[in-house]
Amino acid sequence: MSIKIFVPIDSTALSLGANEVAEAILKEAQARKLDIQIIRNSSRGLFWLETLVEVETPQGRIGFGPVNPNDVKSLFDADFINSGKHPLALGIVAEIDWLKKQERLTFARMGITEPTNIDQYMAHDGFQGLKNALNLKPEAIVETVTASGLRGRGGAAFPTGIKWKTVLDTKATQKYIVCNADEGDSGTYSDRMIMEGDPFVLIEGMIIAGLAVGATQGYIYLRSEYPHALKTLNEAIHQATKAGYLGEDILKSGKAFHLEVRRAAGAYICGEETSLLESLEGKRGLVRFKPPLPAIEGLFGKPTVVNNVISLATVPIILAKGAKYYQDFGMGKSRGTLPIQLAGNLKRTGLIEKAFGITLRELLYDFGGGSLSGKPIKAVQVGGPLGAYLPESQFDTPLDYEKFSEIWAVLGHGGIVAFDETVNMAKMARYAFDFCAIESCGKCTPCRIGSTRGVEVIDHIMQGHDVKKHIALIRDLSDTMLNGSLCALGGMTPYPVLSALNHFPKDFGVDAKEPKA
Amino acid sequence: MTEAVLKPQDYQAIEKHIAAFQSMPGALIPLLHAIQDDIGYVPELAYPLISKALSLSVAEVHGVVTFYHHFRTHQPGRHILQVCLAESCQAMGSDALEAHIKKKLGVEFHETTADGAITLEPIYCLGNCACSPSVMINEEVYGRVDNKKIDQLISDLKSAS
Chain A
142 MSIKIFVPID STALSLGANE VAEAILKEAQ ARKLDIQIIR NSSRGLFWLE TLVEVETPQG
202 RIGFGPVNPN DVKSLFDADF INSGKHPLAL GIVAEIDWLK KQERLTFARM GITEPTNIDQ
262 YMAHDGFQGL KNALNLKPEA IVETVTASGL RGRGGAAFPT GIKWKTVLDT KATQKYIVCN
322 ADEGDSGTYS DRMIMEGDPF VLIEGMIIAG LAVGATQGYI YLRSEYPHAL KTLNEAIHQA
382 TKAGYLGEDI LKSGKAFHLE VRRAAGAYIC GEETSLLESL EGKRGLVRFK PPLPAIEGLF
442 GKPTVVNNVI SLATVPIILA KGAKYYQDFG MGKSRGTLPI QLAGNLKRTG LIEKAFGITL
502 RELLYDFGGG SLSGKPIKAV QVGGPLGAYL PESQFDTPLD YEKFSEIWAV LGHGGIVAFD
562 ETVNMAKMAR YAFDFCAIES CGKCTPCRIG STRGVEVIDH IMQGHDVKKH IALIRDLSDT
622 MLNGSLCALG GMTPYPVLSA LNHFPKDFGV DAKEPKA
Chain B
518 MTEAVLKPQD YQAIEKHIAA FQSMPGALIP LLHAIQDDIG YVPELAYPLI SKALSLSVAE
578 VHGVVTFYHH FRTHQPGRHI LQVCLAESCQ AMGSDALEAH IKKKLGVEFH ETTADGAITL
638 EPIYCLGNCA CSPSVMINEE VYGRVDNKKI DQLISDLKSA S
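Chains A and B, in that order, give the protein sequences.
Note that the first sequence ends on residue 658 in my numbering; no numbers are left out.
Note that the second sequence ends on residue 678 in my numbering; no numbers are left out.
None of these hints come from the bench; they were simulated from the model.
Backbone N, C-alpha and C fix where the C-beta goes; we use that ideal spot for every residue, glycine too.
Hints are supplied without guarantee of correctness; some may be wrong.
Said to hold, decoys possible - Using 27 Å as the maximum straight-line C-alpha spacing, the simulated BS3-like pairs for lysine-lysine come out as follows: (1) Lys619/B / Lys568/A; (2) Lys569/B / Lys424/A; (3) Lys619/B / Lys424/A; (4) Lys372/A / Lys533/B; (5) Lys242/A / Lys568/A; (6) Lys393/A / Lys278/A.
What the hints assert, rightly or not - Listed below are several chain A residues computed to face chain B (Cβ distance under 7 Å; list not exhaustive): (7) Ile179; (8) Arg425; (9) Asn486; (10) Gly511; (11) Gly515.
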């Protein structure tokens, strides 16, 4: 029996040299005439340990990391494939505290299976949710998702079941399921991990959504920055079609569902659902007026479910284990779990799936281990480029949609970017306006013009020109953008800007907190 | 820089992709991807062919090509180096990395080195935020990039081309 060695194939692992590590292991094993088998698994999401090499043993998988190609010889010298001692040894991977303390529901298979191996997906509870859904009436599927309390994980946190109900209740000759995989927020990578690491769970979620609302065609709108996800998804769709899960007659149920990946083209605004639909139709990604809601008039004018990757990938476990199982996790109106992504200046970055309610401080220090630079953490941005910057005094806020709303912040897609004390928050506020100017679709004036004026005004502030007057201007401009923009890009750019200004006035050249306009 | 006529091989490639995508719903963006993947950019001379095939105006095609950051209308260098400028990378020193790369290559963003080897572009998030700062070279992501690492990568590219 050959010994199984796991080397992840996730983009982040690859970005640190996982392919070179796998090659080096194979070469060294051949030179030593050792019988090994290399398996390219998904990543556990313990990214500070990548490349994380695992060896299968009767006690479980033993981990070694972070492994560089030039560590491989010493690993073999230490007989790591037979549990030999080595400075990079981490013990049983499943027992690593960082992983053990998590509640992995959506990410249950992450790091364990081979991404495009459908047999392994099935062996690890895959397609159980779909099998249950096939025995339910559409109304009952929608009711289960509603009862689970699942809210849109893309950022808007709209109840998924209610959106589905609207599409189900709208009569049409054709309906669509659109997966928003345009994960453009800095500090987020959970969608990428699902698509590269467990693509079948997304496919299963989309098929269930199709059954629930009566849609027979699905599209995954995938950002062009994710070439590995594109390959993996296409291969998984091919496998799922071959195995009878996709096509004209899903598992001989008489129900049809077809699925296709469409590549985006580098426009952040296309993560906004109506802009995404325009793009799928082959147009410029200009935001549409609402109403009509996409659930009533969406893609090609037909009723369309638009859900984020994580929302759809969470549906299978809800259908497999029931609404109550999922509902029992979380706090308040935030039910279930959130895949949190630690990024930026932290020692231990990676994917943490936890029930809502964990505090930022626990995430930044217990999980994250504090800053990588060793300097104090000055600010964290939660929820992508449109999320507020939070100071240390707010680190005890629990992760909960409503609690964040109370402090004028958002959870968004669950990305957390940490900055140490060297960051200049006026510069980050300038960047927020600049990013909005680069990415604005141009349809509404507050966003199109406001963002450019915002950059200019912050330049004045940073150069010390008439600071108080310009701060008043920033507040006035932000008010216009908040209340006058058509979508969240213009409407939320003031979150990073004003939170930076309110919490870190010194960086803007003023001593005390300015009164709010 | 725009050429007066398409090269015959580019013309054939574009016609082939048009034939493949013409009947697809919402065909324009997949078609533009196919053309750019194949010949490296979307020549403005292709607009009339695309517009005719998809029953769009040339202005509509131009509008879509120029709306999306990913599409380019001129032949890029042999390699494309994209530097992530988003928040997570900024938190880990991408400003200094950007300055180092520009100095080393002697170009600004959206420019190509004099030897035609490398086109430098900004990008906003590669989803590699756990290991910032990141760059992408010809669709491969590199994480925790410092000056030493990028120097090595650039030198590999120069010797490969």
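Comparing the hints with the structure gives:
| no. | hint | in the structure |
| --- | --- | --- |
| 1 | Lys619/B / Lys568/A | holds, 20 Å |
| 2 | Lys569/B / Lys424/A | holds, 16 Å |
| 3 | Lys619/B / Lys424/A | violated, 34 Å |
| 4 | Lys372/A / Lys533/B | holds, 22 Å |
| 5 | Lys242/A / Lys568/A | violated, 36 Å |
| 6 | Lys393/A / Lys278/A | holds, 16 Å |
| 7 | Ile179 | violated, 20 Å |
| 8 | Arg425 | holds, 4 Å |
| 9 | Asn486 | holds, 5 Å |
| 10 | Gly511 | violated, 14 Å |
| 11 | Gly515 | violated, 13 Å |
The structure does not agree with the numbered hints 3, 5, 7, 10, 11 stated previously, though it agrees with the rest.
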